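Participant: Sequence:
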Amino acid sequence: MVTVHMKLVPLLFIIFNSVWSTTSNSATQSFLHCFTSHSHIQNFNSSSKIIIAKNSSAYSSVLESSIRNLRFLNPSTPKPEAIITPLHGSHVQAAIICSKKEGILIRIRSGGHDYEGLSYLSETPFIIIDLFNLRSIDIDIENESAWVESGATVGEFYYAIAQKSKVYGFPGGICHTVGVGGHISGGGFGTLFRKYGLAADNVLDAKIVDVNGEGGGGSSFGVILAWKLRLVPVPPSVTVYRESKTTEQGATKFVSKWQVIADRIPEEHFLRLLVQVANRAGKNDGKTITVIFDFLFLETFEKLLPWMQDNFPDLCLDQTKFTEMSWIESVLYFEGLPSNAEDVLLQRTEPSKRFFKAKSDSVTEPISEAGLEDLWQKMLQLEASELILTPYGGRMIFGLWNDDKETEKNIGWLRRLYASMAPYVSKSPRAAYMNYRDLDLGRNKDVNTSYAEASIWGLKYFKNKL
Numbered sequence: 021m022v023t024v025h026m027k028l029v030p031l032l033f034i035i036f037n038s039v040w041s042t043t044s045n046s047a048t049q050s051f052l053h054c055f056t057s058h059s060h061i062q063n064f065n066s067s068s069k070i071i072i073a074k075n076s077s078a079y080s081s082v083l084e085s086s087i088r089n090l091r092f093l094n095p096s097t098p099k100p101e102a103i104i105t106p107l108h109g110s111h112v113q114a115a116i117i118c119s120k121k122e123g124i125l126i127r128i129r130s131g132g133h134d135y136e137g138l139s140y141l142s143e144t145p146f147i148i149i150d151l152f153n154l155r156s157i158d159i160d161i162e163n164e165s166a167w168v169e170s171g172a173t174v175g176e177f178y179y180a181i182a183q184k185s186k187v188y189g190f191p192g193g194i195c196h197t198v199g200v201g202g203h204i205s206g207g208g209f210g211t212l213f214r215k216y217g218l219a220a221d222n223v224l225d226a227k228i229v230d231v232n233g234e235g236g237g238g239s240s241f242g243v244i245l246a247w248k249l250r251l252v253p254v255p256p257s258v259t260v261y262r263e264s265k266t267t268e269q270g271a272t273k274f275v276s277k278w279q280v281i282a283d284r285i286p287e288e289h290f291l292r293l294l295v296q297v298a299n300r301a302g303k304n305d306g307k308t309i310t311v312i313f314d315f316l317f318l319e320t321f322e323k324l325l326p327w328m329q330d331n332f333p334d335l336c337l338d339q340t341k342f343t344e345m346s347w348i349e350s351v352l353y354f355e356g357l358p359s360n361a362e363d364v365l366l367q368r369t370e371p372s373k374r375f376f377k378a379k380s381d382s383v384t385e386p387i388s389e390a391g392l393e394d395l396w397q398k399m400l401q402l403e404a405s406e407l408i409l410t411p412y413g414g415r416m417i418f419g420l421w422n423d424d425k426e427t428e429k430n431i432g433w434l435r436r437l438y439a440s441m442a443p444y445v446s447k448s449p450r451a452a453y454m455n456y457r458d459l460d461l462g463r464n465k466d467v468n469t470s471y472a473e474a475s476i477w478g479l480k481y482f483k484n485k486l
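Its first residue numbered 21, the sequence shown is counted upward by one per residue in the numbering used here.
Keep in mind the hints are simulated off the structure, nothing from the lab. Keep in mind that this is a model prediction, so the values were computed, not measured. Positions of the beta carbon are idealized from the N, C-alpha and C atoms, including for glycine.
Restricting the straight-line Cα-Cα distance to at most 30 Å, the calculated cross-link-like pairs of lysine-lysine (DSBU-like) are:
1) 248 x 120
2) 307 x 341
3) 277 x 307
4) 227 x 120
5) 341 x 323
For each label pair, taking beta carbons as the anchor points, the in silico distance ranges come out as:
6) 160 x 288: 23 to 31 Å
7) 283 x 356: 26 to 34 Å
8) 428 x 339: 42 to 50 Å
9) 82 x 398: 34 to 42 Å
10) 448 x 329: 33 to 41 Å
11) 370 x 262: 18 to 26 Å
12) 420 x 359: 23 to 31 Å
13) 46 x 97: 18 to 26 Å
14) 269 x 69: 51 to 59 Å
All chains should be modelled from the sequences, with the hints used to inform the complete structure.
Facilitator: What follows is the structure, encoded as structure tokens:
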């Protein structure tokens, strides 16, 4: 059972008017006065580090540091009235109490990877609570657990595990800059989830501040300060393998076969498919579809080979391509990072940013070869598109582009593709994955949203468990 607790810290009464002296919005001024009054802040220097107002020289750099999607990094994007960067849980308490008291919205940001920017956007005046200072990690190998603050990234968490042990890991996601807070509260899956479940399945405890500044749960109902997580055993050496097939090489038949056997592959083995548009001379304007079969084995490949030969012989695995490595090296491998560069996992920023939009589906029955061919043809219309097929009944379509002028066209393409796939995916509701946020499914109003209004989108993420 998950127990929820939050130790309340004595509150100190201090006011620093100069921090917000040029902030024009009266509600924001009231919030900042309230926040400083209720925070455990002992001097002005601490206050200026925690409260970043619009007139601060650090405002733009802090705001933009965790915006991952260029769709939301432009002059017309709504900006927060201020950014709170807590150094302690009591600062989060104060922000929650004062936002409720003054009637101003807050957005909670851990790593900034929300696909629709909801951790740092609002149509009405708002304040961001950015948790990047709250990222301590305490690994307890003896008890196979860890306390991880929500501002830490999954990369920082993986790195901390690897520094303590080579035979433990965690079943989280692949992108190392994703914040732990949002990743786990939305599910969180990666290469270990066939054996150990989602990241959320491995939560043992949590420290949470709710709407009253006390306790609560989930990104919509409170601020999760830290997670106590179960560490899972991994072998000293795992095996990775990657095979690519184009449609000319029979990729469609391989995908069709994979759909039939994916749920029967031993739980120690992870096999996802990445479908991409690639260059090719000839038809389709010099483009083709390539399917990448991505494997992780929690054993030596000799133990998987007989099973694959019996159930998926057509793929013709090349034994010379199998590579054994440590679990932490496999984390780097699946993200396309050098296997000897573990320190890269500590980097919280990404070298490049792009415009993107994504959609997800749950596929409960195999898609026919005709349906797959139709999907390939639509993908060829947008060169920078990617389809990820995950052995969890999941499918995600990703559209990427570099020019803001292409945004409307590319999002329109993605929506048409999503509509065309309706016959092949789950129904009543048409399910989606929470961490692949998609506002096309519906959204709450900023205030006073009813259950009936929220269920329009909520049932798609949570099925009938609302």
